[in-house]
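Novice: Here's the letter readout for the chains.
Number of protein chains: 2
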Amino acid sequence: MGKPMALNLLRAGYALTVHSRSRGPVTEVAAAGAADGGSAKGVAERSDVVIAMLPDSPDVRQVVLGPAGVLEGARAGQVVVDMSTISPLVSREIAASLGAKGVESLDAPVSGGQKGAIDAALSIMVGGPRAVFERVLPIFQAMGKNIVHIGDTPGAGQVAKACNQIIVATTIMAVAEALTLARKSGADVAKVRQALLGGFAQSRILDQHGQRILDRNFAPGFRIRLHRKDLGIALDTGKASGVPLMATALVHEAMDAMIAQGHGDLDHSALARFVESLSGIEG
Amino acid sequence: MGKPMALNLLRAGYALTVHSRSRGPVTEVAAAGAADGGSAKGVAERSDVVIAMLPDSPDVRQVVLGPAGVLEGARAGQVVVDMSTISPLVSREIAASLGAKGVESLDAPVSGGQKGAIDAALSIMVGGPRAVFERVLPIFQAMGKNIVHIGDTPGAGQVAKACNQIIVATTIMAVAEALTLARKSGADVAKVRQALLGGFAQSRILDQHGQRILDRNFAPGFRIRLHRKDLGIALDTGKASGVPLMATALVHEAMDAMIAQGHGDLDHSALARFVESLSGIEG
Numbered sequence: 051m052g053k054p055m056a057l058n059l060l061r062a063g064y065a066l067t068v069h070s071r072s073r074g075p076v077t078e079v080a081a082a083g084a085a086d087g088g089s090a091k092g093v094a095e096r097s098d099v100v101i102a103m104l105p106d107s108p109d110v111r112q113v114v115l116g117p118a119g120v121l122e123g124a125r126a127g128q129v130v131v132d133m134s135t136i137s138p139l140v141s142r143e144i145a146a147s148l149g150a151k152g153v154e155s156l157d158a159p160v161s162g163g164q165k166g167a168i169d170a171a172l173s174i175m176v177g178g179p180r181a182v183f184e185r186v187l188p189i190f191q192a193m194g195k196n197i198v199h200i201g202d203t204p205g206a207g208q209v210a211k212a213c214n215q216i217i218v219a220t221t222i223m224a225v226a227e228a229l230t231l232a233r234k235s236g237a238d239v240a241k242v243r244q245a246l247l248g249g250f251a252q253s254r255i256l257d258q259h260g261q262r263i264l265d266r267n268f269a270p271g272f273r274i275r276l277h278r279k280d281l282g283i284a285l286d287t288g289k290a291s292g293v294p295l296m297a298t299a300l301v302h303e304a305m306d307a308m309i310a311q312g313h314g315d316l317d318h319s320a321l322a323r324f325v326e327s328l329s330g331i332e333g
Numbered sequence: 051m052g053k054p055m056a057l058n059l060l061r062a063g064y065a066l067t068v069h070s071r072s073r074g075p076v077t078e079v080a081a082a083g084a085a086d087g088g089s090a091k092g093v094a095e096r097s098d099v100v101i102a103m104l105p106d107s108p109d110v111r112q113v114v115l116g117p118a119g120v121l122e123g124a125r126a127g128q129v130v131v132d133m134s135t136i137s138p139l140v141s142r143e144i145a146a147s148l149g150a151k152g153v154e155s156l157d158a159p160v161s162g163g164q165k166g167a168i169d170a171a172l173s174i175m176v177g178g179p180r181a182v183f184e185r186v187l188p189i190f191q192a193m194g195k196n197i198v199h200i201g202d203t204p205g206a207g208q209v210a211k212a213c214n215q216i217i218v219a220t221t222i223m224a225v226a227e228a229l230t231l232a233r234k235s236g237a238d239v240a241k242v243r244q245a246l247l248g249g250f251a252q253s254r255i256l257d258q259h260g261q262r263i264l265d266r267n268f269a270p271g272f273r274i275r276l277h278r279k280d281l282g283i284a285l286d287t288g289k290a291s292g293v294p295l296m297a298t299a300l301v302h303e304a305m306d307a308m309i310a311q312g313h314g315d316l317d318h319s320a321l322a323r324f325v326e327s328l329s330g331i332e333g
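Sequence order for the protein chains is A and B. Sequence positions in the first sequence follow the numbering used here and run 51 to 333. Sequence positions in the second sequence follow the numbering used here and run 51 to 333.
Everything labelled a hint here was simulated from the structure, so no lab data went into it. Treat each hint with caution, since some may be false.
All copies of an identical chain are treated as equivalent in the list; a pair is satisfied when it fits inside any one copy or across any two copies.
Straight-line distance between alpha carbons at most 27 Å, and here's what the computed BS3-like set of lysine-lysine pairs gives [stated by the list, open to error]:
1. K53 - K289
2. K165 - K91
3. K53 - K279
4. K241 - K289
5. K241 - K165
6. K279 - K241
7. K91 - K151
8. K195 - K241
Just so we're clear, the structure is a prediction, and the values are computed from it rather than from any experiment.
Extracted from the complex, chain A is given alone in its bound form:
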């Protein structure tokens, strides 16, 4: 995700200094005009706004707070924007560490995937002070389209992203159960999908993933193993705030089972295969 986002920032005319723990993307983005920061600390020393895009909470903690990290190179008045999808609790912890040095921060997770990143069409959900959000907004606009300031609290963007992943996963499970029931009951599954899209059961998931299930098209898209990670964040956030997420937990377990069976790199719509396998339908 980081590479196409960086290329869009260059295209929008921003001066860019980059670093990645793997060399490949740095070489490519440097060829397009970015400077090589050499380390996260080096990027922070040479930038007004620092953007992180990393797989998970421990990665962000290490790259921002660890040795040769962003915090070491950061100065008061600077802004650090974390666009990774991580735990809101870790977002708060990082915002506090940066804040102690006078550094501003935003959490700004995205949805829209690789395609959204390439097309500069990401949805961006932002937590942190509104004034900081407004200062960074033109930068977000170079990478995304549906950009919403969720709240002033650090982690508010991550909370919205967790909510998004809960709804998407659980709706896929709902569609998977319904279409498997239709199939095993001998109904015309395509007609059931069509009839239901005209009513109260309508959703983008029934439309797009319902079609994927009909077409047996489980090439990612968004991989089950990544969605499982995001549901883990949602469940941890629920535990921290005392919200038992029973449906989400069930879908998390189903994704765990899919991963254990070697299907973690299929698109998340392949949850239908979980319901099907329980129903005696062969993959």
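Using the hints provided, position chain B relative to the given structure of chain A.
Specialist: Using the frame of chain A, we list chain B on its own:
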């Protein structure tokens, strides 16, 4: 539901003979021009097409197959249309009993509620032979708008309706978990809903029931006790065809708990109160 549907048939110019186990609706519809059949048998004797609209499977079994019922008054070549939401298994049983006497039948459950019935805007999902569907289509068009022939098998319409109720219920649960997590995490719930509607989590449920949850508007709408009945049908259908519906079963249990706590007559969007009560939020 039966009364406004009958009134729409009269408005469309159909000659109508009616019967109801309660007197009130018969008096009203008779005042608008319908004849009183005196019994279900009496209606069948005087009609070319017989329509049933009843609460649940045992009611349909009794009114169609029981004493002074439709079957007693029916003749070969006639069509019986059951628009109730009942078990597909019972639909098949009734179609077989009618078929043994040469009577055609369709199962044609609806969605759209009281308002859809009054506005002649019901969605109608139809199972049964296509030729019979086409014969009855003008009558359906006097009562509904999104009319889909799901399949030739008796019960196919009921299967589609069960799929609809699975998706609607489970999506409400997904939205309830997400918005409760947002609320307890201190996020701006209205902004979370708004941000998510722009992306892959979009659904009619997030839009309309998400707004209901924000507004604390739990006046029905569609009552929890009726949706619980429909999920019971879905679970029975799943058992009969070997499809374990784990997410649906969870929502069914949640609705059971709501009913036990005296909330069965709230709108089904009040599932949010179930998640909230587990999270220590007072009603």
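Novice: Now, for every hint given, state plainly whether the structure supports it.
Specialist: Consistency of the hints with the structure:
1. K53 - K289: Answer is neither: 34 Å inside a copy and 49 Å across each miss the 27 Å cutoff.
2. K165 - K91: Answer is neither; intra-copy 29 Å and inter-copy 62 Å both fail.
3. K53 - K279: within (22 Å within a copy, 51 Å between copies)
4. K241 - K289: Cα proximity of K241 and K289: across copies only (22 Å, versus 40 Å in one copy).
5. K241 - K165: Close across copies (25 Å), not inside one copy (30 Å); limit 27 Å.
6. K279 - K241: Classified as between: cross-chain Cα gap 24 Å, same-chain 34 Å, threshold 27 Å.
7. K91 - K151: within (14 Å within a copy, 84 Å between copies)
8. K195 - K241: between (34 Å within a copy, 16 Å between copies)
Hint check: violations occur at hints 1, 2; the rest are consistent with the structure.
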